[in-house]
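Sequences are here, hints too, so could you generate the full structure?
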Amino acid sequence: MGASLPPKEANLFKLIVKSYETKQYKKGLKAADTILKKFPDHGETLAMKGLTLNCVDRKSEAYELVRLGLKNDLKSHVCWHVYGLLYRSDREYREAIKCYRNALRIDPDNIEILRDLSLLQAQMRDLSGFVETRQQLLTLKPNHRMNWIGFAVSHHLNSNGSKAVDILEAYEGTLEDDYPPENERCEHGEMLLYKVSLLEECGFLERALEELHKKESKIFDKLGYKEQEVSLLLKLRRFEEGERLFRVLLSMNPDNYRYYEGLQRCLGLYSENGQYSSDEIDRLEALYKSLAQQYSRSSAVKRIPLDFLRDGKFREAAENYVRPLLAKGVPSLFSDLYPLYNHPGKANILGELVLRLEQSIKTTGGYPESEGKEPPSTLMWILFYLAQHYDRCGQYDIALVKIDEAIEHTPTVIDLYCVKSRILKHSGDFTAAAALADEARCMDLADRYVNSECVKRMLQADQMALAEKTALLFTKEGDHQNNLYDMQCMWYELASGESYLRQGELGRALKKFLAVEKHYADITEDQFDFHSYCLRKMTLRMYVEMLKFQDRLHSHAYFRKAASGAIRCYLRLYDCPPKSAAEEDDEMSKLPPSQKKKLRQKLRKAEARAKKDAEVKNEESSSTSVAKSGKRQVKPVDPDPYGEKLVQIEDPLAEATKYLKLLLKHSSDCLETHLLSFEVNMRKQKILLALQAVKHLLRLDAENPKSHLCLIKFFHKVGGLPSPVTETEKLVWRVLEVERPTFSQLHEKSLIEANTVFLEKHKESLMHRAAVAELMYVLEPTRKAAAVKLIEDWVNDLVSIGGVQGAVRTWKLKDCISLHKLLEKTLNDHDAALRWKARCAEYFPFSTYFEGIRSSVATSSAYHQTQKTTENGVVNLNNLNTVENSALPSSNGKVDKLDALKDLHI
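Mapped onto the numbering used here, the consecutive letters of the sequence shown carry residue numbers 617 to 1522.
Warning: the hint list may mix true and false statements.
Each computed DSS-like pair below joins lysine-lysine, with the alpha-carbon atoms no more than 27 Å apart [stated by the list, open to error]:
1. K831 to K779
2. K1441 to K1333
3. K630 to K757
4. K675 to K687
5. K1365 to K1177
6. K1329 to K1281
7. K1365 to K1377
Derived from the structure by calculation, the hints contain no laboratory data.
Printed below as a string of structure tokens:
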């Protein structure tokens, strides 16, 4: 390193390296310039200067200098190493690995380069290369503990657990009998537990248990020791010992659900599907009664029996569970009991039970069969629970009555307004839901959670400007948008993207969806520092878990939503490409002079407004940064804040395919993945890939209406293709001829017959009928009237689901909105769409989409109409009867309580 330099300059070169490591970049650059004055072609100095410049954001100069240095000294391992570090800083890991390998050809025993190479191999999951590099490091430095551990971990990751165990045992053989010293007990104990977990993973259960008992005195983590021991006992089916140990663990933490589950397994009383025989229920009941006496303060021991008890016993246990929590005022009670609503009959029992408590509190002030009086707040919490209960059962009108009664009882509880907002959202009134959420926010301006709930409701109501302004209340001063991005606030970006997509602003929607994708890339990058840290600190079990988590990172729901949203944007761009400037000018030239002038004025005003907003933001950001630090901090400016460049792409389907590949790799068990794959590949004319998507859809859910839709559409499209000409087309045709008989839905049937059979099978389902109707129109366009009739003839029946007051209709709001869009856009029948809208407005009176009579849209229009009438002196508002209060947003974001008007006499 700097060997070709005279002593004085060689010392300066060492100073450059030291300055780089200690982040004293100005000092390093000064030393490099001093050397280069005398030796302008010294390759290693040029390379180190370039590496230092890279750290001060002068990347282009950095690459130029490093390449020049490498050109001047191709046989220097320092130049190649520095080139690799430069690539690594830009996440070009494959190029960095190539540079490291070139450096190792020149200096094969360089510890630093080998260590850096091993980190990149772990990051890129080059596991065979990782094993080789770690072995080489161990050979060069066998007295270094981290090299032994790294070699063992490399074999474990390379699916060779038994070899990893042998390496750890060989390492233990090098230690003294009294090892470890007091300051290394925790780290050594972690290594021993990692070794036991390796033995367990390899199937050597007896050996693992023996090793655990043998090294008990050297294991510092006693809880981890017991949990590892009980896991081994369960797998060895030594249930009596396991039961004793689980009871010990419960005495340490009686609220750990995993310990109760393990105890049930040891007693042979655990079922994966939650189904138990009467005898098993009796034994479980006796077990938890004894545990309840032992751990009277544990909530888990009282909650778990509600999952397996039935009928009268469930009613009794549920009442004993909810009574103290309602009296105490626990807002999360409904969330706690929510999973029980999926158990047949239990929702009904819970509803009856809480209604009985409500009646008793109202009449006597106390619970049934109880002499004492309950606190006044108990009634409010009972009403709070009932509102959520009816909301879950789909009875929104009753839910709103209950929550309004609770608000009237105690109007200062924020949770009541949040729940009312949620009920209005479920009922379809997003505008009123946003207004209620904003009222809750205004009651406690320091509560970040309530603020976030409010923002979410505003985004669902497509109130983008107001949502952004509200979200920024909890960001740092200055560049607010970058703060939201830096905080990786993915729920906000996803909700914003969906809102922009609904409004047709594809550029902004893509900007938000791709920001989420960038966050996941950053999370993947963040694991890099842990490759060396975890080996050094011996957190080996957590390290391996972290690597497994990273491998399945892109299967997370947030990434799936972001990728799906981006693909839908690209599909829209492909179907409706944005107009070019020439086309817009051409359209403008066809307008009359008066309209042309108005349009130009409108565009000028919009540009001026945008420019002014940008200047204000820049001034705020600059003034804040100057005020806080005393000097101006320069932040990179986003060159495309509104995503305008994102929509100006030549091949939207190619961009969609990038994200589709990630979904197919990491979310192949998700139906939406293959629906998107079908849409993309049909547009790309990739017939066999579209066929593959159809096969996956039928494998996941053959009875799903979307799967049926794709199947019939695919073969209808294929049937309309011209006869094959090229060899490739003939090969594809032969594959289709072989594959079609394998679909049982099409066996010896035409597409029309297959569609009819599907209708007979699912004629009780609205969405299945909609799919059949759409296919009727696709297969036979002349039968559009019959397709519309198939949808309109179906009746929205009343059914009882869990509630005790009345019943709810089977149709879902989301499905009915989809059908309205189908009638309006796909079937292109405006009259049928209007009839459907009027019909749904009756079924969903709170829906703003269908303009239901009790929605904020309808109430607002009725209010404004009445105001106009009053101004004409026809109606006196003081004489009108009111029936209910409706929440409407005012200009300042709060809620005005306006009386809905009835029986207007004009």
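Consistency of the hints with the structure:
Taken as a hint, the K831 and K779 pair is honoured in the structure, with Cα atoms around 20 Å apart against an allowance of 27 Å. Our distance criterion of 27 Å between C-alpha atoms is met by K1441 and K1333, whose separation comes to about 20 Å. Proposed proximity of K630 and K757 is supported: the alpha carbons are some 24 Å apart, at most 27 Å. Our distance criterion of 27 Å between C-alpha atoms is met by K675 and K687, whose separation comes to about 18 Å.
For the hint pairing K1365 with K1177, the CA-to-CA distance comes to about 37 Å; that exceeds 27 Å, so the pair is violated. Between K1329 and K1281 the CA atoms are separated by roughly 25 Å; this keeps the pair inside 27 Å, and the hint holds. Taken as a hint, the K1365 and K1377 pair is honoured in the structure, with Cα atoms around 15 Å apart against an allowance of 27 Å.
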